[in-house]
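For chain V, the structure is supplied; the task is to place chains E, C and X on it using the hints.
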Amino acid sequence: MISKILIANRGEIALRVIRACREMGIASVAVHSTADNHAMHVGLADESVCLGPAPAANSYLNIPAIIAACEITGADAVHPGYGFLSENAKFADILEAHGITFIGPTADHIRLMGDKIAAKAKAIELGIPVVPGSDGEVKDVADALKVGREMGFPVLVKAASGGGGRGMKIAKTEDDLAEAFTTARSEAKAAFGDDAVYIEKYLEKPRHIEIQVACDTHGNAVHLGERDCSLQRRHQKVLEEAPSTVLDDAARAKIGKIVTNAMEGMSYRGVGTIEFLYEKGEFYFIEMNTRLQVEHPVTEAITGIDLVREQIRVANGEVLSFTQDDIVLSGHAMECRINAEHPETFVPSPGKIQTYHAPGGLGVRIDSAAFAGCAIPPYYDSLIGKLIVHAADRETCMRRLDRALREFAIDGVETTLPLFHRLLANEDFQKADYDIHWLEGFLQSEAEKKTVD
Amino acid sequence: MISKILIANRGEIALRVIRACREMGIASVAVHSTADNHAMHVGLADESVCLGPAPAANSYLNIPAIIAACEITGADAVHPGYGFLSENAKFADILEAHGITFIGPTADHIRLMGDKIAAKAKAIELGIPVVPGSDGEVKDVADALKVGREMGFPVLVKAASGGGGRGMKIAKTEDDLAEAFTTARSEAKAAFGDDAVYIEKYLEKPRHIEIQVACDTHGNAVHLGERDCSLQRRHQKVLEEAPSTVLDDAARAKIGKIVTNAMEGMSYRGVGTIEFLYEKGEFYFIEMNTRLQVEHPVTEAITGIDLVREQIRVANGEVLSFTQDDIVLSGHAMECRINAEHPETFVPSPGKIQTYHAPGGLGVRIDSAAFAGCAIPPYYDSLIGKLIVHAADRETCMRRLDRALREFAIDGVETTLPLFHRLLANEDFQKADYDIHWLEGFLQSEAEKKTVD
Amino acid sequence: MTKLPDSKRIKELADLLDKSSLTEIEVEAEGMRIRVARQVASQMVTSQQTIAQPAPITPTPAPEAAAAPVAAANPASNAGAVKSPMVGTAYLAPEPGAKDFVSIGSTVKQGQTLLIIEAMKTMNPITAPRDGKVTEIIVTNEQPVEFDEVLLIIE
Amino acid sequence: MTKLPDSKRIKELADLLDKSSLTEIEVEAEGMRIRVARQVASQMVTSQQTIAQPAPITPTPAPEAAAAPVAAANPASNAGAVKSPMVGTAYLAPEPGAKDFVSIGSTVKQGQTLLIIEAMKTMNPITAPRDGKVTEIIVTNEQPVEFDEVLLIIE
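Protein chains in written order, with our numbering: chain V, 2 to 454; chain E, 2 to 454; chain C, -15 to 139; chain X, -15 to 139.
Only true hints are included.
Just so you have them, the derived chain V footprint on chain X, three or more residues with Cβ under 8 angstroms:
#1 69 to 79
#2 130 to 138
One side only, chain V facing chain E, incomplete, derived with CB under 7 angstroms:
#3 Arg20
#4 Glu24
#5 His358
#6 Gly362
#7 Ile367
#8 Asp368
#9 Arg400
#10 Arg401
Since the hints were derived computationally from the structure, they do not count as laboratory data. Bear in mind the structure is a predicted one, so any value in this text is a computation, not a measurement. Built from N, CA and C at the ideal position, the CB exists for glycine as well.
The following block holds chain V by itself, in its conformation from the complex (with noise of 0.2 angstroms):
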């Protein structure tokens, strides 16, 4: 059994690990840099180690310090949070070898998975849907209409050797496909110096949709819904709700036993995260996260499960604390990333921050590890909380959204808070209108507004 669970990682998902282990009579060990010595999670550990100096590279990614944190404090589990050493199936290996647990799945695992290549391949396998694609090449217009017909249009013809968008081309309908396939091929000759070409279905305004799951070693696995991750800068996602409002109860049903089908397929062991693209109701695997997500919050909120919970049970060998029939949707939930970023230029504004108060109240939740006075370090990325809003259903969330961000003060360092006020107020978010693409769109218009004023 596990008894004292060092927890690899800083800032709001140390706190949300040590809170957990708090809950269940686990003692803590935080590991920091010399740039977090007077961190939250540091203090409120049971203990706490420090790895090395400000740079991750010598300290939050530093694994023979962190094994020598395991055994100087007797740590028997290691959770890795998000980020840093999470994905990293060496340092899961290191610690097999170390006799110490691995909070999360195995090795083997997070290194398939780490393949996009054979990530996809595995996926096509366990019965996931993926882009619909050629197999290989294709040789004329009369195979590409072939391939382009099974798949349905758009399609995009892309360069085999290609790369940075160039010798692609989509073909709207069948009739653009004959010009497509020879521009495309020309192209890629002309700039590669060869001119294979195959063909992908093409997403015009997707949806990123993912599916959570917990797994336990027993052969259970359970999903718990979806989240729609859509609004991202950068690929980053900026605010996460569920459920989406793209999916019924029918498709979130049939999309969950696909996926649990998969999970259970692969023997795998944990929480995850199977990653879609989304659009006129098809599904197109993306990639899975072999680890606890930012965003999970939102699928507590609705599930009023702790997944942190259930991974050190799973950790810990015991049955997931729930079946799949046990899983009640209720309620929508929404989670904003309140990052130390200029709300307009996204420029990161470390520093200290002056003034910290959250808001609280009927359906807020907040996984924060700032405070007044804490310093927030250059060296990291710039999350400093998370606001998680739960409400009986989307526009009671939005409203309840909108006052706990009127109560959030953050003084000393940029936020992002001002970010979500805009959102709030923008119809299409309020109808839930957008795509993967619409955040970006959104954030130009109001550059523009603004440079016009």
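Quick look at chains E, C and X alone, frame taken from chain V:
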């Protein structure tokens, strides 16, 4: 329809109502005394009006000033919170005369339940169980025996003209009755010049269990389960929890049905609480509170219902947003009342809060109007915040409460936070083995231990 | 009536009180309630509309606060300040169209009516606490006033 | 390893940083990590047992931190401080029972081994950064040390 609500209160409950207003898109008006010029409820409301100087009689209890504040702000409804004017029938009458909606029951119901004797008579009429007593004087031992056998032992023989514990004798069993009766009678004669005595059922170690109800103006009355508020110090509740460990589903459904029938019988409107003493499977009516209670978040946690929102909906003439069948109690919740008082002597500690950092994370709710730098004036009650914790079961709830308490940092004034640490460490509390006298005994034994040390 | 945006307000309060350890509380605190509040009133109206109103109940930002004039530096700390003893509506003249009771520069005797405050349909004359000269009239006609709000200044 | 009670810690941090605007940060900050932490360690052990342990998993307060000696006023700010370059276990002697590498008053040459830190089964000699005299030995034999922790002082 209500478009602007004036909140005739201060502190955390004013904030609670302001939050509900925001979430419903209703404008809010804070009122305050000069001592609260910089209070959080003043800052967070859409508008605020200073009513008068610090003493409550001149500000928060100043009915003409509150009516004038409604007039100048155009508020069309008043939420009274708890305390202050919340159970003042005259205030409800005056508001009605001014065409302003009182968010609460009718003035008649406030008046009825404010009169202890009338309330008990009404409870009997409505079929609510009360503490059994003889119908007036009991003339002789034979009569006393008959009455005693009917209600079950122990019983209390009380002087009809008595008071202050004199002329009061307990008969634990039938065998004690003759002596108790004779002694009480002669003591009554000696003390009050009147030997008339009556008999009441004696409760040795009762719990305080209260049933939350919500009723609309369309004849719907729903109960939301119970709260166990047995942990009291000088009749002030200190920690409340739900569900009570002494009720099972059948007992809960039975008393719930009795109470909702009674509410339907009297056409009660809004939220209310029927308080009982509970012993050996029986409920005994104490009183009904015709208002929102301090501990309402405990019920919100286990039912997922927003009670203030329902209050406002009902005041608006809307139907309750749930029926009895929709009510599902989920998990366990506890609330700690954090007072600005010395944690052992309970001497009030007004002053300025220097540091304020509230706990966060899964299952933690904070209702507080305190912040770093805020004043705790000496004029009002000492409640500065409520920590509400919700978890899957009582054991996890206690552990979560423990970890949340450790994260709570308040400096500048003394608070009762340490009391809850001590409570959580106590085995009786851990086993929920307590009654309404238990906390006083616990505090006394702790004080004695301290003296010995 | 003070009217303030939310988190701004908390920040200001925290800042204010933070500064108090450096000895400026009294003045800062008093000044802020009147001055800062109104300065940001228009910003409040904007942020209150961040969510569209599909629900039947719409928030109505009170126009009077936004319309209220920005008060001078710190009238409350002025020794000659005449403050409102009640919540109500201020009237500068005895009836609509009539001449104001006093104007800037008026010399007043102790006990002389300066203005009227209506509360609950009752007209309450506010009289001069002593002889002097009206140097400033802070409130406008028909303006809602709260307890302790400065009405005018007599020097 | 620092080992601290929770809310106390936040308060201390807030106070500390609060004070920093009055110019004491660096010293306060450094001193706190070592001194304050250990001062309250015993209190931690008590408060950690507030909940009885019906669950199978029991918290085990690490005894080593509580047992660690209270460090001197502020060794980290001492110019002659030799700090640990890694996490590990300090050994003052080359093997159990052998004589310590150095003792208080020892004169040492640059490059001379002062002690050994074991990390991941590897013995890492810690050598003197320059010539000098050992005035203080902060760590005890077999004591776990973290990065940047002061081991001894050479003057």
